[in-house]
Each structure stands twice: as C-alpha cells, then as structure tokens.
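Single-letter residue listing:
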Amino acid sequence: MVHALKETWRVTRSTVLDIRPIVDAPRIGVKDRVGQEKDCGSLKWSGGGPERHAEATAAVSRVVEAGLFTIGAARQFEWVDSFEDVDELVATVAEDWESWSIDEDASLCLMQAMEKGGRGAAPLIRQGIRAQVLKKVGV
Amino acid sequence: MTNFPDPEQIENDVLHSLADFRNARVLEIGAGDGRMLRHYLRETAFTVALDSDRDELLASRADDLKDSQTKVRLAEGRAEALPFPNRSFDLAILSWSL
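Chains as they are written, first to last, in our numbering: chain Y, 1 to 139; chain H, 1001 to 1098.
Calculated from the structure, these hints are not laboratory results.
Keep in mind that the hints are not guaranteed to be accurate.
Said to hold, decoys possible - What follows is a set of in silico ranges between Cβ atoms, one per label pair, in the way DEER data are often shown:
| # | chain 1 | residue 1 | chain 2 | residue 2 | range |
| --- | --- | --- | --- | --- | --- |
| 1 | H | ARG1035 | Y | ARG52 | 16 to 24 Å |
| 2 | Y | ARG33 | H | GLU1080 | 19 to 27 Å |
| 3 | Y | ASP105 | H | ALA1075 | 41 to 49 Å |
| 4 | H | ARG1054 | Y | THR92 | 18 to 26 Å |
| 5 | Y | ASP39 | H | GLY1077 | 19 to 27 Å |
| 6 | Y | GLU115 | H | ASN1086 | 53 to 61 Å |
| 7 | Y | ARG75 | H | ARG1022 | 17 to 25 Å |
| 8 | H | PRO1085 | Y | GLU78 | 33 to 41 Å |
| 9 | Y | SER101 | H | ARG1038 | 27 to 35 Å |
| 10 | Y | ASP105 | H | SER1017 | 21 to 29 Å |
We put the beta carbon where it would ideally sit given N, CA and C, even for glycine.
Okay, chain Y solo, but in the shape it has when bound (with noise of 0.2 Å):
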C-alpha cells in the first residue's frame, strides 16, 4: 500500500482523495415506517476486510511521516442501503459484500423486526465512509 502511494504520489500534481470505509463493521437492523430503528448488530467479518483497512490507515501515515503527502480536509459520511425484505438484503451481503457475512441470529432479528414494524418497514445496512484529502509536497 505504501508502494501503491508512492505511485500516486508519483503520477499526481496536487492532490490525492482517499476514499474507503471505516473500520468499524457495517451496522444491519430495522427502520419502520414513523422513522423508529431497530438495531440487528454488525454484518460478520469474514476475512480481508478490517485488517485491511488498518493497513490503509498505517500506510498513509507512513507517507506523510516520509514528508510526501500533508492530511487535508476529512469528511465522514453514512451509506445508507436499504431494502426491500430480509431476503433480499441476505441475497446481496452474500452476493456483492466480499468478506462480509450475516449470522443466524441477526438475521432472525430482522425478520422479527420486520413483522414487528409491520407495512413499510425496511432492513437495512449502514456502513461509513470516509474521505481524506492528501496533499502532495514535493515536485
């Protein structure tokens, strides 16, 4: 990852924007239709992903320490996806969150959430997002 900065660094004029998700791992629960949330806890990890991160997070302090790039502006945000049922959240965790997994009993939690919550209920996944700026110093 550093190598992969330096690159960056290397091909860049000015500024580099580093996007990727926090650490913590993405929230499931229930939001029904008057706005209430029931929490399901956290999708499971299930390899490559927060390790990773952590990484990332090392790798871009050892740069700025090397003097390429100084810290900018940050900006955290929430991605929000919500579904339609249970089914079809468990459908794409499994199919497009890559080292991600629901276990048993959230996933018994939405279901109950979701008859609870009864019409217009919706599961749903919250994952955060960061976004840090690196400026380049140097030529």
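Start from chain Y and add chain H according to the hints.
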C-alpha cells in the same frame, strides 16, 4: 415505504466539498464499474478510469456515461505500477482501493 437519504447524493456532495474537478485531469484508481465517475466526469478536462479487473472496466461503458465517453479513458492496471508519466494528473482518487 420508509425514506432514506440518497447515499449517491451524499457521496457526490462530499466529493465536491473536498476537491475541485473543473477542467482537472483526473485519475480514478479502482474505478470498478464506473459508479463514482458519474459524480464528476462531465466537469473534468479528462479522466482515466483505472482498474485491475477488465470486466469491471468494460461495465463502466454504461449508457449514462455515453455522452461523456470522449472524456474518459479506461485503463487496466494496478496502483502499485501506474502506467503514466510523472505529474500526469491534477487529482487522483483512490476509490475504495487502498
């Protein structure tokens, strides 16, 4: 049906609050299927969308990018060995790729 904020719009707002894309030469590393290009492509001088997955890159030729195809070049490669000369871009985006 419960309403949620549009995450694409939030992401778009965040990108534009942190970087100026107007007439910029942009490299997006890990462009994938080109989802994020839609936020800024039309403002740039040109954009190179780089990804190590050729199939993902081809998917980025989506219909809603067709009117800006002259501004975007798709490139297959990895961040560890970028196939470009020094200082080729004003702005580089590490798109979920670090």
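So, going through the hints one by one against the coordinates:
Distance hint check: the CB atoms of ARG1035 (chain H) and ARG52 (chain Y) are about 20 Å apart, consistent with the given range 16 to 24 Å. At roughly 48 Å, the beta-carbon separation of ARG33 (chain Y) and GLU1080 (chain H) lies outside the given 19 to 27 Å, and the hint is violated. The beta-carbon spacing between ASP105 (chain Y) and ALA1075 (chain H), approximately 44 Å, falls within the hinted interval of 41 to 49 Å. For the pair ARG1054 (chain H) and THR92 (chain Y), the beta carbons lie near 24 Å from each other, so the given range of 18 to 26 Å is met.
Hint check: ASP39 (chain Y) to GLY1077 (chain H), Cβ distance near 41 Å, so the stated range 19 to 27 Å is violated. Here the CB-CB span from GLU115 (chain Y) to ASN1086 (chain H) is close to 60 Å, well matched to the stated 53 to 61 Å. For ARG75 (chain Y) and ARG1022 (chain H), the hinted distance range of 17 to 25 Å is satisfied, since their beta carbons lie about 19 Å from each other. Between PRO1085 (chain H) and GLU78 (chain Y), the C-beta spacing of about 38 Å keeps the proposed range 33 to 41 Å intact.
With their beta carbons about 30 Å apart, SER101 (chain Y) and ARG1038 (chain H) fall inside the hinted range of 27 to 35 Å. As the Cβ distance of ASP105 (chain Y) to SER1017 (chain H) is approximately 39 Å, the hint placing it in 21 to 29 Å is violated.
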